[in-house]
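The task is simple: from the sequences and hints, build the whole structure.
Its first residue numbered 1, the sequence shown is counted upward by one per residue in the UniProt record's numbering.
FYI, nobody ran anything at the bench for these hints, they're computed from the structure. Heads up, some of the hints might be wrong.
[Stated by the list, open to error] Computed Cβ-Cβ distance ranges for the label pairs, DEER-style:
id	residue 1	residue 2	range
1	E248	L162	50 to 56 Å
2	T227	K82	27 to 33 Å
3	L310	K82	41 to 47 Å
[Unchecked claim] Listed next, the in silico EDC-like pairs over lysine to aspartate or glutamate satisfying Cα-Cα at most 16 Å (straight line):
id	residue 1	residue 2
4	K114	D51
5	K126	D53
6	K115	D244
7	K126	D236
8	K85	D53
Positions of the beta carbon are idealized from the N, C-alpha and C atoms, including for glycine.
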Amino acid sequence: MTKLHLSGETPLPGAPPVTLDSGDRCIPQHYLAYTHTRQTVEQVIRDCQFDDDYLIMAGEDQQGLFIQIGVIGFDTYRPRHKQTKRKLVYGRRWRIEPHFPTSELIQTIFLAVKKAREHEVRERFKLTVNGQQSAPFSTHQDLPLFVRQADALRHRQNNQALSQFLREAVALCRQLRFDHAALSILNIEQRYNGQLLVDIALRPTALAELAETQVTTDTLLLKSSSTNELLFALMDLFIQRSNDQVAEHFTYQGIARFSQSYSAVSLANLSLQTRQRNTEAKHSEFYQRLAAHNECIDRNRAPLVVGRKLHADVEARLSRHCDIEGFMPASANVT
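See below:
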């Protein structure tokens, strides 16, 4: 067998092994039953590596198992020159179902790291307004207040002439910093369909903390000559670069599973190999047992909606669809 099963994983009775094109044999993950505990989650976490500034932890409370990311870094809301020590802060708790396949658990850890890092990246993109730096794309915006102020906050700038846009974009970049790095416009080119190619340079300082904050040039594609769109495109660029950093350096058992160095075509072929049903009659009872097992998992995932009004809203939405399969959410009959 190519896979040694972790504690918390058990092959379903009668699960047939699959022979891969390589000649190796395995029992695929969808032939396993899972009963993860805090100890098995910790076992998986210890096999995951990314960056010493991002601590991957597991816990358990009255609501069940969870994983949580601790981030070590300087406070992005205080001037850097006033800080002598870095600080440990914590991201949200990601709930883990005991019956999660181990692959889903690893992907949840990966996603938790990505989102914790994105949180930091958003706070490191600074715009100087009225002499003070602010993070316009921070996740700490007051959303109920935003709704009340939505009309005043709406962007109303129309497309500009290319020359005017160039002047405003150059001036805007002087007010921007990302991870203490300066940004500048190198070139702007308008395509035949009206879209713009904007070449941006990043010039880091010694205060930069992110690994990808290096001397680089990037090209943005804008649909219109709008400095507001430019700001959103820059934020998207920095988030994508952060996501790429995690994908290339997050490892499980030493393998960067999400790296683009692996062939998508080969991965698709491997998946097909593990999905081939064994047609021998002696395995028919196993596939009946597998179907019942999967049905039980799906049924248990259907939520119990506590609020009566919310359940009524969900039911109303479901009623707009015809012939839906699956298990419907139940009501706890609580106001």
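So, going through the hints one by one against the coordinates:
At about 36 Å, the CB distance of E248 to L162 disagrees with the hint of 50 to 56 Å. Checked against the given bound of 27 to 33 Å, the beta carbons of T227 and K82, roughly 31 Å apart, stay inside it. Take L310 and K82: their Cβ atoms lie about 46 Å apart, and the range 41 to 47 Å holds. A threshold of 16 Å between alpha carbons decides the hint, and for K114 with D51 the separation of about 12 Å falls inside it, so the pair holds.
Taken as a hint, the K126 and D53 pair is broken in the structure, with Cα atoms around 22 Å apart against an allowance of 16 Å. The suggested pairing of K115 with D244 holds, with an alpha-carbon distance near 12 Å, which does not exceed 16 Å. Between K126 and D236, the direct Cα distance comes to roughly 14 Å. Compliance with the 16 Å bound is thereby established for this hinted pair. For the proposed pair K85 and D53, the alpha carbon gap of about 14 Å is at most 16 Å, so the pair holds.
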